[in-house]
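First to last, the protein sequences are chains W and B. So that you can map any letter, position 39 of the first sequence is 58 in the working numbering, and since no number is skipped, the others follow by simple counting. So that you can map any letter, position 45 of the second sequence is 1418 in the working numbering, and since no number is skipped, the others follow by simple counting.
Hints are computed from structural coordinates only; laboratory data are not their basis. Incorrect hints may have been included.
[Unchecked claim] When the alpha-carbon atoms are kept at most 20 Å apart in a straight line, the in silico SDA-like pairs for lysine to any residue are as follows: (1) K1476/B <-> I1494/B; (2) K1521/B <-> S110/W; (3) K42/W <-> E137/W; (4) K1440/B <-> F1504/B; (5) K139/W <-> A1522/B; (6) K120/W <-> R1523/B; (7) K1431/B <-> L131/W; (8) K139/W <-> E1517/B; (9) K1383/B <-> T55/W; (10) K112/W <-> K1521/B; (11) K42/W <-> Y71/W; (12) K1521/B <-> E113/W; (13) K1518/B <-> T138/W; (14) K90/W <-> R1523/B; (15) K1463/B <-> S1407/B; (16) K90/W <-> N100/W; (17) K68/W <-> G83/W; (18) K46/W <-> N1379/B; (19) K1440/B <-> E1489/B; (20) K1431/B <-> R38/W; (21) K1476/B <-> N1495/B; (22) K1383/B <-> R133/W; (23) K1521/B <-> T1510/B; (24) K1521/B <-> I128/W; (25) K46/W <-> Q1380/B; (26) K42/W <-> T1378/B; (27) K120/W <-> K1518/B; (28) K146/W <-> R1523/B; (29) K1518/B <-> V143/W; (30) K112/W <-> E1517/B; (31) K1396/B <-> A57/W.
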Amino acid sequence: MSLHDESRILIVDDVNTMRMQIKELLKTFGFQHLHTVANGEEAKIELAKNPYNLVLADWHMEPGDGMNLLKHVRQDPSLKNLAFVMITAESTKERVLEAIKGGVDDYLIKPLTRAQIETKVYSVLLKRRSE
Amino acid sequence: MSKPTNQDVKIREFVQELSGFAKTAEETLSTIESDLEGKKQLFSVFSDRMVAIRGTAKQLNLEDIAKIAGLGEEIAIKGTSAATRPQIRKCVGSLWDALTTVKYLLEHHGEETGEEQGILINRLENTLNAFGGARPTVSEDEIEKLLKARGNN
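Construct the entire structure; sequences and hints are all you get.
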C-alpha cells in the first residue's frame, strides 16, 4: 500500500481558512484520508475514535491548545506511533524549545509553502513508518 | 464584473471568520480596561487572537494585517508583565489602535495602505521598543538545528 493510501492525517486549526488550505494542499499530493477539526478537544475525541498516522496542529486554539494536545498524545500509550507536527505563527525560541521538549516530530512556521509542507509531511511519515 | 479568484474567496471567508476573533479581542480589551491591574493577565487572550490573525494573514499574503497583528501580539505580551498602571494603560491604548486598524484593513482589504496606517505602525513600533522590543524569534534553519540537536541527545 502506498504512503498516500495508508496515511491518515488529522488537521487541527481554529481558523477554517487554514484548515481548508492545508487539506487542499495535502489532497494535491495524493493523500486521501484527511480529517479536520477546530481545536484540541475535538482532536482528542477524534483520536479516540479513529486511527491516525499524523497530526498537523496549530498552537493557539480554544478549547485545548496545540501543546495540550501534544502532551495528551505523548502520554497516551495507544498513540505512541502517532507523528505530530506543530504548524503555527509562533516562532520565539522559547516556544519552539517547549514544543521540541514536548515531543513534536517537526515544527512549521506560518506562512507555509507548498514545498515546505510536502517535504516535512513525507519525511515525518516515512520516518515513522520505518520505526 | 470579473469573477472572484480562489484567493479572493479565501480572503472573504477569512475576513468573515476573523471578525469573530477581533470581537473576542475587543471584549478582552474592554475587560482589562475595567480593572487595569487585576485583569492584565487577559492580555494573553488578546495576544493569542493576534497570533491567529497574523498566521492566516501571512498565509494569504495580507502583509499589512499580519504586520499590525504581529505588533499587537508583542505589545499584548508586554502587557502581561507591565509593572505600573500607566504602562498597562499605554498597552491598552496601543492595542485599541492596533485592533481598530486590523478590523479596518480586514473590511477594506485590497485597498492601498494609507498614510495613517504607516503612522500607526510607526507608533506601535515605538511603543514596543519602549517596552524592550519584540521577543527574539528563530528561523526555519535554527528550528532544524534544534530538532537535530534533540535527536543527538
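Are any of the numbered hints broken by this structure? If so, which, sorted upward?
Violated hints: none at all, because every hint is consistent with the structure.
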